[in-house]
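Visitor: Here is what each chain is made of, one letter per residue.
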Amino acid sequence: MRRGIRWDLLGVVFAKEVVDNLRDRRALAMALFFPLFGPAVMALVLTMVSKQARTVEDHPLSLPVVAAERAPNLVAFLVERGVDVATPPADPEAAVRAGDADVVLAIPEEHGARLREGKPAPVRLYLDESRASARPAVERVKRLLEAYSRRLGAQRLLLRGVHPAVGEALAVEQVDLATPQSRAGLLLGVLPYFLVLALFTGGMAVAIDATAGERERQSLEPLLLHPVPRSAVVLGKLLATALYSAVALCETTIGFGLVPVALPLERLGFAIRLDPAVLLRLVTLLLPLLVLVAGVMILVAARARTFKAAQSTLSFLMLVPAMPGMVLAFTPVKLQTWMLLVPAWGEQLLVTRLIRGEDVPLGWQAAAMGSTAAWAAAAAYLAIRAFRSEAFLFGRSG
Amino acid sequence: MIVLSDVRKAFGPVQALRGVSFEVADGRITGLLGPNGAGKTTALRVVYGVMAPDSGRATVDGVDLAADRLAAQARLGVLAHAQGLYPRLTAREHLRYAGRLRGLSGAALEARIDALVDLLDLSEFADRRTDGFSQGQKLKVALARALVHDPGNVVLDEPTSGLDVAGTRAVRALLGRLRDEGRCVLFSTHVMQEVSVLCDRVVVIARGQVVAEGTPEELRARTGQASLEDAFVAAIGSEEGLA
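Chains as they are written, first to last, in my numbering: chain X, 1 to 398; chain Y, 1001 to 1243.
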């Protein structure tokens, strides 16, 4: 057996797969459309967040108050703090449940009497904890009511000759350490996964067409009877898959890069580092993963019985690297060295750090890329071995 | 020249080939005749190098497939059992792909493709994508693909199956022509009539073994049967799976 790779023949297979799949209009449209999904979702989420932020800050809070006449001082306090006291709905519970009002304040009948007696005077808030969009309004009303309560309490203490500070055992000071970048990074926890996803969606059609598809349309045997080493056949197909994945990756990356340009994120306090230098580093970081994903897709699709089976297996497989991404999005983990060595996870951790504007030592990047490259070589080797087996060629199991 | 010596191949418990030996000479058409499931396709797959025998040897022009598969495959033109085409490539692109996979390129390859388009009468659909081709058109493309490197040995697995009368006649004419050019032609069939019309030599295979071998006349004489058909039935021991 001759050793070494026949690059000339590899190139022939590569060129054929690239051209052939370029003509599969439907698969091509999907491969080009999917990578834009991530940036589109991000733009949408950011637009909504910014709208919400503007609603809270710029607009006066509108608060329907039931029986406002029972607590004139409280109402005056609210109006003084910029609250627009609105006419109450006939049925406050129904209004909140239906989402017509974010929150409704009701003053019970005994309010005035209790207040005069110096006992806690009841006020009732109708709210729906499960509605995220109502939360800013609810929080604001709660803060105002507490402020009013504290103010009254302080006045009562002063009347009795006690300094109000006596009632406050703790003075809680909050130091918010979220930098604009890290606040954005939390929101962008899903960005790394969208980059990995692009690697799958970009090349999937090619990987399946070149393996399970080739066998299903009975063209695999005619291909393999040519005097071409299996390594050249498999690597040609693998690199064609990787090329389509690379296009999808660049598309997604550029898409993400354009979002901060299109949206006034700085004004919202979101400073995301997605400048060309960072984007270029992201793509470089993901290159070994690109080859690994292509190799795994070829390997899995080659072992699938049919085109359809390959499709469903790969659709499932593409969710696997999402798991660390999901974890990152909701519970940010402290980075450990061994995590860098897990393919797809290490990359996602480093991508997260890069877009948060944090330092990523070159050694870390080299460790993640080196580890993934080793896995990629293993996947390519296994794919070549699969193509050497008669079971693969003739569709028998085992 | 193609030689099989004592080739054995099993798929799990099924013995597909139980020690098959035969020689296929240059300048002759040799038919591999046998009922369905006799092991014809397996034997041919061993010859064109997509299946490795469990034991025994197969050589093409003296090159052992086990020792140097690529060199042996380079000497073969093959119409495989699977004859699938790429629906998004044109007929001409199929020939170009096959030619490049065999190391041909440039003007020499294009000239060879033009010659095959003429020889197999492909001009009408040579630049159309093969999606929607008729059975006959597809077979012609597959045949042209097999001959793109002007091979000295041609192996065809059931080349006339699924063809109409005109297609069958065209294939037979082509095989005769390849023989007259001095090539070694080996094809498999389960159609007896084809053997008597075409073959210089016949290898009869049944249940994974060669049961008779020789010219059609020799076979008739050996089995003592007047008609070739009766001779085959006598050799195989059953009428099952023949047509």
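Keep in mind that the hints were calculated from the coordinates and are not lab data.
Computed from a predicted model, the values in this text were never measured in an experiment.
No residue lacks a Cβ here, since even glycine has one placed at the ideal position from N, Cα and C.
Do not take every clue at face value.
FRET-style restraints, in silico, Cβ to Cβ [stated by the list, open to error]:
id, chain 1, residue 1, chain 2, residue 2, range
1, Y, G1237, X, V320, 53 to 63 Å
2, Y, D1061, X, L32, 45 to 55 Å
3, X, A366, Y, D1114, 16 to 26 Å
4, X, L32, Y, Q1015, 29 to 39 Å
5, Y, D1164, X, T284, 51 to 61 Å
6, Y, D1114, X, L32, 32 to 42 Å
Visitor: Next step is simple, just say for each hint if it's right about the structure.
Guide: Taking the hints in turn, this is what the structure says about them:
Distance hint check: the CB atoms of G1237/Y and V320/X are about 56 Å apart, consistent with the given range 53 to 63 Å. For the pair D1061/Y and L32/X, the beta carbons lie near 49 Å from each other, so the given range of 45 to 55 Å is met. The given range of 16 to 26 Å is broken by A366/X and D1114/Y, whose C-beta atoms sit roughly 53 Å from each other. Our hint of 29 to 39 Å for L32/X and Q1015/Y is violated, since their Cβ atoms are close to 52 Å apart.
For D1164/Y paired with T284/X, a C-beta distance near 59 Å keeps the hint of 51 to 61 Å intact. Checked against the given bound of 32 to 42 Å, the beta carbons of D1114/Y and L32/X, roughly 36 Å apart, stay inside it.
Taken one by one, the earlier hints fail for this structure at numbers 3, 4, listed in ascending order.
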